[in-house]
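Chain order of the listed sequences is A and B. Quick note: the first sequence uses numbering that gives the first Met the number 0, first residue 0, plus one each step. Quick note: the second sequence uses numbering that gives the first Met the number 0, first residue 0, plus one each step.
Quick caveat, the hints were computed from the structure, so don't treat them as lab data. Predicted model only: the values in this text are computed from it and were never measured. Where a beta carbon is used, it is the ideal one built from N, C-alpha and C, also for glycine. It is possible that some hints are incorrect.
[As the list claims (entries may be wrong)] In silico contact screen, one side only, chain A against chain B (beta carbon under 8 Å); selected entries:
id : residue
1  : H42
2  : S104
3  : A108
4  : G114
[As the list claims (entries may be wrong)] Pair by pair, the computed Cβ-Cβ distance ranges are:
id : chain 1 : residue 1 : chain 2 : residue 2 : range
5  : A       : G103      : B       : N92       : 33 to 39 Å
6  : A       : G64       : B       : V69       : 37 to 43 Å
7  : A       : V97       : B       : Q37       : 27 to 33 Å
8  : A       : V97       : B       : Q32       : 24 to 30 Å
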Amino acid sequence: MVGVRMTRRRRAIVASISALATAIVASSVVAGQFRSPDPEAFHVGLATGEIARVADIAAGDGLPGRGVFVQATDTGQICLWDAPSASSQQRQGGCNSVDDPLGGSALSASLAYDGGPAVEDVRDARLIGLASRDVATVQVLMSDGTQREMRLRKAMLESDEYRAFGYRFKRSDLRGGVSPIAVIAKAATGDEIARQSTGIGG
Amino acid sequence: MKRLSAALVVVVVALTLAGAALAGATTYAGPWQWSQNQGAGSSFSSSWKYNYFFKNGSGYDATVTFIDNVTYSWHATVRNTSATTYTYWFVSNVKRGHCRANSAYFWGSCVVVN
Numbered sequence: 000m001v002g003v004r005m006t007r008r009r010r011a012i013v014a015s016i017s018a019l020a021t022a023i024v025a026s027s028v029v030a031g032q033f034r035s036p037d038p039e040a041f042h043v044g045l046a047t048g049e050i051a052r053v054a055d056i057a058a059g060d061g062l063p064g065r066g067v068f069v070q071a072t073d074t075g076q077i078c079l080w081d082a083p084s085a086s087s088q089q090r091q092g093g094c095n096s097v098d099d100p101l102g103g104s105a106l107s108a109s110l111a112y113d114g115g116p117a118v119e120d121v122r123d124a125r126l127i128g129l130a131s132r133d134v135a136t137v138q139v140l141m142s143d144g145t146q147r148e149m150r151l152r153k154a155m156l157e158s159d160e161y162r163a164f165g166y167r168f169k170r171s172d173l174r175g176g177v178s179p180i181a182v183i184a185k186a187a188t189g190d191e192i193a194r195q196s197t198g199i200g201g
Numbered sequence: 000m001k002r003l004s005a006a007l008v009v010v011v012v013a014l015t016l017a018g019a020a021l022a023g024a025t026t027y028a029g030p031w032q033w034s035q036n037q038g039a040g041s042s043f044s045s046s047w048k049y050n051y052f053f054k055n056g057s058g059y060d061a062t063v064t065f066i067d068n069v070t071y072s073w074h075a076t077v078r079n080t081s082a083t084t085y086t087y088w089f090v091s092n093v094k095r096g097h098c099r100a101n102s103a104y105f106w107g108s109c110v111v112v113n
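Please model the entire structure based on the sequences and the hints provided.
Laid out in structure tokens, this is it:
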């Protein structure tokens with residue numbers, strides 16, 4: 000009788016230890032996803048961290064205004080989003096390491112558009128970006144050789160100062176086949192300090 | 000017996016949490032080294048919501064988009080040089096994720112999530 004009782008107790012202890020071990024392993028798997036370079040796990044980290052509005056995208060051509068948002072995730076990412084609001088899941092943009100928010104450049108820009116891939120079929124195209132504090136102007140070079148000047152706003156990421164911008168391309172440009180081809184950052188002296196290629200359909 | 004039941008509950012909950020962390024993500028291209036202008040597409044589905052290009056670093060120009068299966072137009076397209084290029088488009092239409100490298104010689108993967 001005592002032996003049976005001991006066996007049951009032993010089984011319960013073994014089961015409890017197994018359960019605990021499984022729980023620890025499973026938890027570490029979950030936690031590991033937040034640090035892992037596993038591409039499929041990246042998405043999980045985007046549900047974490049703080050998000051702040053740093054610039055606006057003006058309403059125009061019958062389309063509503065949007066915002067430019069910066070999100071610092073708990074997984075060490077700094078993401079720059081073009082979105083209707085801070086709480087919206089409709090985020091379009093990109094993420095870099097928190098150690099290098101601009102990705103090794105003085106400028107990090109992101110183009111988002113709906114329609115296409117032919118330029119004439121694009122219904123809405125927007126450009127957002129972050130630049131280092133020594134950038135005085137950001138211009139977009141268009142396919143017809145003209146330029147669009149971005150309005151820069153001061154943005155703080157933790158204790159570091161940046162310049163943020165958001166811009167909506169005119170529908171008349173798109174209908175005419177005119178699209179952005181490069182984003183150029185210049186210092187106050189007029190010297191070009193960064194250039195990023197962009198474009199619709201590519 | 001109660002202890003055993005409690006232990007089983009803990010195991011089930013823990014495994015469910017672990018599985019949920021990765022649920023719904025499908026890598027449809029890579030990881031491999033990309034060539035300039037190389038593209039790839041996922042299967043067609045009405046449930047895809049997110050599409051992203053996960054690269055081994057920043058500075059590599061890439062595009063992600065969704066392509067519907069009726070007009071084959073591009074939707075919610077994003078192009079940038081961030082370490083991860085990311086977009087969201089949720090409609091009930093059948094669509095596939097599409098990604099494209101605009102620069103060369105980098106490692107990366109393309110992922111869709113429902």
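Please flag the earlier hints that this structure goes against, numbers listed from lowest up. Of the numbered hints given earlier, the structure breaks just one, which is hint 6.
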